[in-house]
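First to last, the sequence lines map onto chains A and B. Okay, so the first sequence: first residue is 1 according to our numbering, each after it adds one. Okay, so the second sequence: first residue is 1 according to our numbering, each after it adds one.
Just so you know, these hints were derived from the structure itself, not from any lab. Each statement offered as a hint is correct.
Derived list of chain B stretches under chain A, where covered just means 3 residues or more per stretch with a C-beta under 8 Å from a C-beta of chain A:
| hint | stretch |
| --- | --- |
| 1 | 9-16 |
| 2 | 174-185 |
| 3 | 200-210 |
| 4 | 261-268 |
| 5 | 282-294 |
| 6 | 297-306 |
Note that CB positions come from ideal geometry on N, CA and C, so glycine has one too.
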Amino acid sequence: MAEIKAGTRLRSAVCDTEVMVVAAPGGGADLTCGGAAMVALGEDPSGGEPAADAAEGTQLGKRYVNEAGDLEVLCTKPGNGSLGAGGQLLAIKEAKPLPSSD
Amino acid sequence: MNLMMLLEMASAGFADRVAVSDGSTSLTYGQLFASAGAAAARLKESGAKHLAILDTSSPAVPVALFASAWAGVPFVPLNYRLTDEELERLTSQISPALLVTDAERAGSLKGLDGIEVVERGEFMGQAASGESLDASSWPMDPDDIAILLFTSGTTGPPKAAVIRHKHLTAYILTTVEFGLAGEEDAQLVSVPPYHIAGMATLCSSIYAGRRIVQLPNFAADEWLRMASGEQVTNAFVVPTMLSRIIDELGVGGVAQVPSLRAVAYGGGKMPLPVIEKAMEAFPNADFTQAYGLTETSSTIAVLGPDDHRSARGSEDPAVRKRLTSVGQPIPTVVVEIRDDEGKVLGPNEHGEIYVSGEQVSGEYLGKGSLLGTDGFFPTRDGGYLDEEGYLFLDGRQDDIIVRGGENMSPGEIEDVLLEHEAVRDVAVVGVPDEQWGEAVAAAVVLHPGAAVEAAALQAFVTERLRSSRSPSTLVFREELPYNETGKLLRRVVREDLRGADS
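In isolation and in its complexed conformation, chain B is listed as follows (with noise of 0.2 Å):
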């Protein structure tokens, strides 16, 4: 098993459509296949035993991607908001490694040990003219690592999750049917290549025959610009980015996309509002959620476009509530919650989300596997299944509440405070407290021109939850602080809240 399988099939499927675009340069499949051959054998000749790109999204990262699965060697798309002194400490851990990074960056990394560094412009040019390596001289080890993601690490230094081959072709090759899409179908992905969804989306589009349209830096208004410009059929965001979106239209307002027919989500907490407008804001449009991990190869849980539309539209409390929920996991893998003893749990109950499929990786480099002794991976999500299956999430198990004993998911009181007109954003930590262990504190952000007292919001969840629930500490702020790919930063809105007072 090697990546290369997917797109050398691509390659024989339909070398003349395009494969991918980033508004100036574009290749079609053949042109991607031909490039990665020929950036492989420049890989081998090198010596470098791994190929890092430090870059914004454009067509060398599907040809870097694909070059290191022909060469045998992994991919490592790194986090371009990196310092120096941040990337030396991740590179020294792939050295030897090929480096394809913009012309400005090559500039200041001459320096780093084992680290040939190679502008990407030169990249593309080499790939697009040198000779290429014997087509299907790709190893075929199943176990071979093809790519290493860095994850933020917010706790000790950043660690790689180690996503082989085998994980990656199980996943594309059981979820996308080759060669689907038709000539017009067009996904715009404006996630960055260092996210796991950025990974899984070129596979996938490739694999299915969906030219891939690349937004380099995302903005709400360049985005709807690119959308309809470039006849764009699908999508992938994450939250925030449709946040941003709907409150680039308006109020009420409707994309003028005609297009756009499937919009898929995934990668943080969609909070319902959101989704709720989003439905308005793009009528015609399929919304899928896609709940997966790094670890996980990417999507595990699908709620489908199906799933929304009945969720928003019935008049049951327990199927509306399906529209929170990050729908049931797909066919290939078995999810199960299990207690702290590792019981597993029934309908309903609250525990840790663990999973098991041949996608499922949990590993790290020089760490090991976390996968147990059956298989089964410990998400550190918790969560829970109600009787249909239907997944629902209560956040990271790390951001458990544990006040006086009792544990408190923060998602529970973030999604209640949403339900309050005047709230456009919230998030729930857990702050040092004397009395309780911990004590629920919120970082609330209103709406534009709204106004509401803290002391009104506090009873506002004590009337729907209980009072051990209500934040003791809430402040306002104008944002909440989200990384590049719109995870939540829980604890730098720990370190704001510790010295406030509400």
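One chain only, chain A, in its complex shape (with noise of 0.2 Å):
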């Protein structure tokens, strides 16, 4: 499993989705996004398309997470893959914002 903790910043390999994890299982977890392995910013996406079975598309912005609650990621720009980890895609945080307060 890929050691992962907040504040790590990760990218698609297969479109322009970009992430920054929120939180993480203790014992790291493997992202993907398009079906394929998410890579450090930085690095140069192997290209090719997302699969087709994860081509939803990320919002910028969004939170998503998975079944566990354990995993949550912060897009911080979209692209055409959909994100998932363990097999499973993630879904959508529902937003549950404080009153602005500031």
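Starting from the two chains in their separate frames, assemble the complex, guided by the hints.
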């Protein structure tokens, strides 16, 4: 399992998606986008297209979570692929913002 | 992590939306991004290790904040009320630095060692036309310092609270939903840039996509005018501002600002009568109280609109009381109440408020961190949590009055005096006393036209609390001393009352 933690930034290998990890389980996680393993920011994407079953697209500023709720990533740049981990697609986390306080 | 991530995302998401305006100049998110990049290039070239701004609010503030982040140097917003002498003591700590200020001040500050003084117009002009640093060239070390905020230093020289990129980005990214604001949303900001709320509000508004409307010099009539003129939907104020706005509206007055949906306040104690009147003056607005410190990158507890309404409308005194609380800790921090020995206390037990979380810094420049090995920061604020986890403040630990070995919170006595219909404002402090060590003293401001004897107020306190808490000295004043950000200056009151006799 790849060691990732809050603050880790990754990019998709097959589209423009970039994320920042907000929370990660202790044992790490293997994040994918468009079905392909995500790579470190700054690494050249391998090229190619998102797999047909992982091409819903990501949205800027949305958070994505796994079912267990212990993996959360923030999409800092949108792309065509879908985020996944552990063989499952991540879902958009429901926004429950605090009342604006600043 | 870098604050630039917030602006980069905003610029990518809604480049053409207006990000900030002060009534005369405005910048879209795209323009703010480009200006930050150009100012960052200038910063890098200058060799400055800090970017300081000594000015009232204007679009130059967010440009300077993000330019600093982009160039990888700390941003230092300074209090424009500082004298040249006070300023020199601070700038010597941040030299070499670029200092942006208004034309008049730029003239008088030429001689500061290691400080390149730049006039605001020139700074913005270069930022608008200059070439930007490469996008995404900002450093990403989360431990880099983002902002230095010099505290008012009521005891000893001012010290700079250190806010690192990781603290502020953690706070914004976990409490604000990206781009949730609509095109018509606008936040009226009247707190100065050298206040942590001033910094936090810029960052959260930018990340939410909410246009910032800056009111550089607060005046209640101007605030009301700007709020309706700019069709403001949100506003952040400190309690003294809200108090003046209510005065401006007059007794029973209702504000004519139909666009205003949400008012947030913090930065000082909110007297119960003021928030109650405010809820009547702005019947359609949601009120939110935010409690936080410079050292915690602003908000750590929130009393939301639902809490305000249910407290106000409740028959249950325990629920009503919550209107005097600062709400519940936000989900990303842990708050504990500890006694003098550091033992964690239970509900309704009074002690010192400790807090931990990613947004908590607790560090001062050159003085290290006050964070304990367990990651908890001692706030020096006294308080307690009720059974439902609502946090109540007892006031600064330093302000606790010790009379005959008994600890008393000035806030408790102030709250009681405020219940008297003649009393508009009050400060309770301890003054030296031969018999008791300290005696309770009060400075009271009455409502215009009201009259009451000191003895009547002393009896009022005795009836509701007990005789030991009744101020042995009680004097009347026209007004109490507050600083620019609405903080009551207790040491000034203490000085005043030391020699006074009632």
